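A.B. asks: Sequences listed follow chains A and B, in order.
No gaps in the numbering here: position 185 of the first sequence is 185 in this note's numbering, and each next residue is one more.
Heads up: take any position in the second sequence, counting from 1, add 1000, and you land on this note's numbering.
What the hints contain is simulated information worked out from the structure, not anything from laboratory work.
A quick note: this is a predicted structure, and the numbers were derived from the prediction, not measured.
Don't take every hint at face value.
Here are the computed distance ranges between Cβ atoms for each label pair [what the hints assert, rightly or not]:
| hint | chain 1 | residue 1 | chain 2 | residue 2 | range |
| --- | --- | --- | --- | --- | --- |
| 1 | B | H1277 | A | T43 | 37 to 47 angstroms |
| 2 | B | A1257 | A | T43 | 38 to 48 angstroms |
| 3 | B | G1258 | A | T43 | 23 to 33 angstroms |
| 4 | A | L110 | B | H1294 | 34 to 44 angstroms |
| 5 | B | S1033 | A | A41 | 21 to 31 angstroms |
| 6 | A | R112 | B | G1076 | 48 to 58 angstroms |
| 7 | B | Q1145 | A | I287 | 33 to 43 angstroms |
| 8 | A | A178 | B | D1214 | 27 to 37 angstroms |
When the alpha-carbon atoms are kept at most 25 angstroms apart in a straight line, the in silico DSS-like pairs for lysine-lysine are as follows [claimed, not checked]:
| hint | chain 1 | residue 1 | chain 2 | residue 2 |
| --- | --- | --- | --- | --- |
| 9 | B | K1046 | A | K259 |
| 10 | B | K1188 | A | K259 |
| 11 | B | K1259 | B | K1283 |
| 12 | A | K46 | B | K1283 |
| 13 | B | K1259 | A | K46 |
| 14 | A | K283 | A | K308 |
| 15 | A | K46 | B | K1188 |
Every residue, glycine too, gets a C-beta built ideally from N, C-alpha and C.
Protein chains: 2
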Amino acid sequence: MSLVLYNLLAVHAIIDPICEPSILEDLRGEIESDLSMRLDALTGPKSLQDAIKYSVLNGGKRLRPALTLLSCQAAGGDKCDALAAGSALELIHSFSLVHDDLPAMDDDKLRRGQPTLHIKTGEAMAILAGDAMMSLAFQWITDPQQDVSIGNQLTQELADATTRMIVGQVYDTLGGFAADSTPAQKLKLTHQNKTAALIRAACRMGGICADSSDEQLKALTTYGEAIGLMFQIVDDLIDVTQSTEHVGKATGKDQQAGKLTYPGVFGPDESKAQVLHLRNEAKKAVIPLGDLAHPLIELCDYMAVRTK
Amino acid sequence: MSLVLYNLLAVHAIIDPICEPSILEDLRGEIESDLSMRLDALTGPKSLQDAIKYSVLNGGKRLRPALTLLSCQAAGGDKCDALAAGSALELIHSFSLVHDDLPAMDDDKLRRGQPTLHIKTGEAMAILAGDAMMSLAFQWITDPQQDVSIGNQLTQELADATTRMIVGQVYDTLGGFAADSTPAQKLKLTHQNKTAALIRAACRMGGICADSSDEQLKALTTYGEAIGLMFQIVDDLIDVTQSTEHVGKATGKDQQAGKLTYPGVFGPDESKAQVLHLRNEAKKAVIPLGDLAHPLIELCDYMAVRTK
């Protein structure tokens, strides 16, 4: 192990790893059952259905839908009312992974320990399945049984966050920053769009499903923005400190590809400090929501120290 | 010219070509100005904005948004209220062309007489720009100023039609039909999804923007389904009868690729007869809408005899 890698590992280990909170495990069951039910109901070519199921039902952590369900509860709602929005968010997340893995993009062959979709089915199906996953997500959040105002707000949130995620992917893969941007500015712009926007939307969509007050939605927004950025910094740290076997996808690739990362730009100590700062910001934001927000605090603590 | 090609040309020419109706030319100006305004307002990397503008503002016929505006008028609405929906439909149509042209899909190098987007920008940008075009379309139809019920219905229509369009593309590119399907069944299933679904949605979305009655929406739906299928049959006829120079994209490719086409499965005479039948069905459907539907009838007549 190189000295740099060793140091990064040590720094990332300053906070003792904690186990995944049981709340996440419990929610995962509900979310995967909702996803399975929806994907089993798909019509059209079985090959397309199989490709989508392969990409979605493959052992993901389900962090985004869990955040949606818990944010709905934290705003006083019933988490079942947020299941469709949570599943839609997971579908958008999965679509982004399928397209990002394509040969013309990151050219990844492994995802969650399994062959990526284009390796399994060929590129044409991976492109089309990714496209279908995006449009299906918008079908799922506009259930005719649901309040139309909520459906409209959910569409605005999801569409805006999806565009921002793609904008972030353009910055990350192809650049295109303003000429006078510093590396720190480029990094923040990339991460806030590529990863944080969808996590922020996950929290806000939970609040919207609970028909939350402006104050509740503001608290969830601040929480979501903080953990969204924190999530990506932790991801960058994991990329340089963990093995491919542990994470289930190729690690060390960002550095090799010369991509901007938090440990690369700020150094590991400063990256770690930012994780702690954002964790505190997130936890502070949801205090006004009272006891109902406790699971969000627990999930935030876990997200700060996860190792994969 | 081969004898087969000559015969097809002759058959397609049974109906005398008419000029593009002036109503389409007038609407095109309004639609393109709305599209330009929306695309100029995009934030994020200029390279992404340029890629989207290159794909969208390139001399398209704007048939889908024109149908949306005219359907809105035919249901008694103001066509300006349908501009956002029309532009969103054009964006979905353009996204589908960008992804269909990719090397892993149809591998087309020419579109409307210009290099396809991936030839111009590389594949990564073409994949991402296509993705962004889809999510932007959903942003455009859920304007916060608009009635939330209309926004919700537009999202349902657009998401459902987009999924069906992708399903049709899977059938067309990769197959996956039920084992006992006849060529005619396969062809109808492909075309109804790949092309007709979005044209049907274009008409229905116009009606929704006008807050149409159930009867009006039903008339527009029947019209849209008929011209949607008719459009693709005419496209198939154009592919075997017109030159690449005339059409501005490679022709004769469907036949070379062994794809199912109407002239291939039913023969040119029967294909032509189906065009006439569907034209009549469409025109009959909108009679109850009265004089306001006259432009839809004019557009239908043009769509039946267009040669590119």
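A.B. asks: When the structure is checked against the list of hints, which entries are broken? Sort them ascending.
C.D. replies: Numbers 1, 2, 4, 5, 8, 10, 11, 12, in rising order.
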